[in-house]
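If you read the sequences in order, they're chains A and B.
Sequential numbering of the first sequence, starting at 0, is according to numbering that gives the first Met the number 0.
Sequential numbering of the second sequence, starting at 0, is according to numbering that gives the first Met the number 0.
Just so you know, these hints were derived from the structure itself, not from any lab.
Distance condition first, Cα-Cα at most 16 Å in a straight line; then the derived EDC-like pairs of lysine to aspartate or glutamate: (1) A:Lys-292 - B:Asp-156; (2) A:Lys-294 - B:Asp-156; (3) A:Lys-25 - A:Glu-304; (4) B:Lys-130 - A:Asp-156; (5) B:Lys-281 - B:Glu-237; (6) A:Lys-127 - A:Glu-260; (7) B:Lys-236 - B:Glu-194; (8) B:Lys-205 - B:Asp-232; (9) A:Lys-130 - B:Asp-156; (10) B:Lys-102 - B:Asp-42; (11) B:Lys-130 - A:Asp-148; (12) B:Lys-292 - A:Asp-156; (13) A:Lys-292 - B:Glu-82; (14) B:Lys-292 - B:Glu-260; (15) A:Lys-130 - B:Asp-148; (16) B:Lys-294 - A:Asp-156; (17) B:Lys-292 - A:Glu-82.
A few chain A residues facing chain B, derived, Cβ under 10 Å: (18) Val-152; (19) Asp-156; (20) Phe-158; (21) Glu-161; (22) Phe-253; (23) Ser-258.
Restraint-style ranges between C-beta atoms, simulated for each label pair: (24) A:Tyr-77 - B:Lys-270: 36 to 42 Å; (25) A:Glu-198 - B:Asn-277: 31 to 37 Å; (26) A:Ser-30 - B:Asn-277: 53 to 59 Å; (27) A:Ser-30 - B:Pro-94: 56 to 62 Å; (28) B:Gly-171 - A:Tyr-77: 33 to 39 Å; (29) A:Lys-25 - B:Thr-78: 35 to 41 Å.
Computed from a prediction, not measured in an experiment: that's the story for all the values here.
Glycine residues also receive a C-beta, built at the ideal position from the N, C-alpha and C atoms.
2 protein chains.
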Amino acid sequence: MKKKYSIGIDIGGTNTKFGIVNSKGKILIQSRILTNESDTIHDFIDLLFEKLTPMIRKIAPISQFNGIGIGAPNGNYYTGNIEHAANLKWKGIIPFAYMVAEKFNLQTKLTNDANAAAMGEMAYGCAKGMKHFITITLGTGVGSGIVIDGRIVLGHDGFAGELGHVVIRQGGRLHPGTGIRGSLESYASATGVSETAKELLHQNPKTKSLLRVYLRKGTINSQIVYDCALKGDKIAKEVFKMTGQILGEALANFIMFSSPEAIILFGGLTKAGDLLMNPTKKAMEENLIQVFKNKTTLMFSQMKEADAAILGASALV
Amino acid sequence: MKKKYSIGIDIGGTNTKFGIVNSKGKILIQSRILTNESDTIHDFIDLLFEKLTPMIRKIAPISQFNGIGIGAPNGNYYTGNIEHAANLKWKGIIPFAYMVAEKFNLQTKLTNDANAAAMGEMAYGCAKGMKHFITITLGTGVGSGIVIDGRIVLGHDGFAGELGHVVIRQGGRLHPGTGIRGSLESYASATGVSETAKELLHQNPKTKSLLRVYLRKGTINSQIVYDCALKGDKIAKEVFKMTGQILGEALANFIMFSSPEAIILFGGLTKAGDLLMNPTKKAMEENLIQVFKNKTTLMFSQMKEADAAILGASALV
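Just chain A, with the same shape it has in the complex (with noise of 0.2 Å):
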């Protein structure tokens, strides 16, 4: 008999959420818990137990449970591992997938989050029939997931697909992550959004603008940006316009990569809509060559965020 209920975890650098999932791609209870307030590992899966433990009881008996699937950032699919990530407390390698395996009693899958995304999105989402595509989360940073042929494209270490550290703009802004300039990530997330605001704020000193007050109070951020250009800010309808300049750019390079039917964006950067859109789109057609031009569909995702990711992790058994 085929088993009915899957489990999606998705970690992430402040929360982890974490459903039940039917075989018809319906949560149909979810949770979570802050990732980082437990010290240890072995607390932070206890806890995870605790939680999911009389979730599961409500739903079905284990036996009709195919098992878990885990989202988590750095987590490698060949190893099960979670392997150094910077946004964790936890550091080194963690045989994540084992872990949580022995603990349920459940087979157990781990993919990086951004994958685990894209899994969603082809199982339930935009992607759905598709083969080829890829998915960009613009958040905090910058993460993706690539599909060539209906599979993740793991790289022969499983940690490929990292699409926000490419460098776009050579010896462009500094990445305090990572000590190299001008990657992707430095532009286009939620933090990207903040420093071009604050750039541009600096080299238009006599511009007017409403984010001025915010630079001074030291409270930029990108949904303030989003806000202002919405007021018709000048500056800050420019942050979304050098953005997407940027992120088509990167779009168009990707493409010649691997040729995909669409790319899906999605995290908080969407919420701009057009303002990110239009210019997304226009400079990802400009950096085209010819045979590419016009057959790759650019569009946000209609999945909510946390959705996707449980819903892709559990598509992982």
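Add chain B to chain A, keeping to what the hints say.
For chain B alone, kept in the frame of chain A given last:
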């Protein structure tokens, strides 16, 4: 009974090379014709047939042949067409594989020339046994073949893997063929090397260089730059340093996409050996985030270029 022989055809802008390959990957007999000598595509296929027929007779009865594999610029594996190839005389969309199959009465597969070379490396060259690698041809242009999970990456439309056209210097050198600025091919090709030499000579009018006499005569090419670099010419050496820097940055971006075991360089520019290899490797490693450092082997192909293409094409069938 397993058939013993395959025919490989490599169509280039200047020469079309073809050979008969046995099941061990040995080219038993080969020849060539000029690609643009024939006025029509029909004349060209007739000429191929005329040249290949006696070669086939010499080796074995036609019943012992698997078929014909073809590598061609802008060749599309899915359709068997050559589509809008800039370097060929025959314009538009040509159903080349179909026409060859009709003429020879043998099953025929076609892919682009760079993918054929990658298949040659995978079947018989230094990528033997590898499941994840990228080949980059540094010739008149820059071509690429990408292998992921042991398969050539074709993309949704069969045109994936145009890494020569990724933009690596935003707003940089204009590519006359594509109209795009700053693409890899504008720098890391034979043409790019000549251009870089001319630029450096102009930018440093007071620096003595053996290259100046060729500049005056209008005969600078990548071979001359190489010869001068070997003689210790400062500007010529700088040309390869700059070329390697740009190439290395691009390779780092490719690694963060598909995390290959190896990148294999071939084509005319690789004759420059360490003059090119050292700065390329340095720039590549410098632009990788930690998780990818010192994992991907950068190497020169050990196959003769023509052999790789014929063998790769033959491996299609």
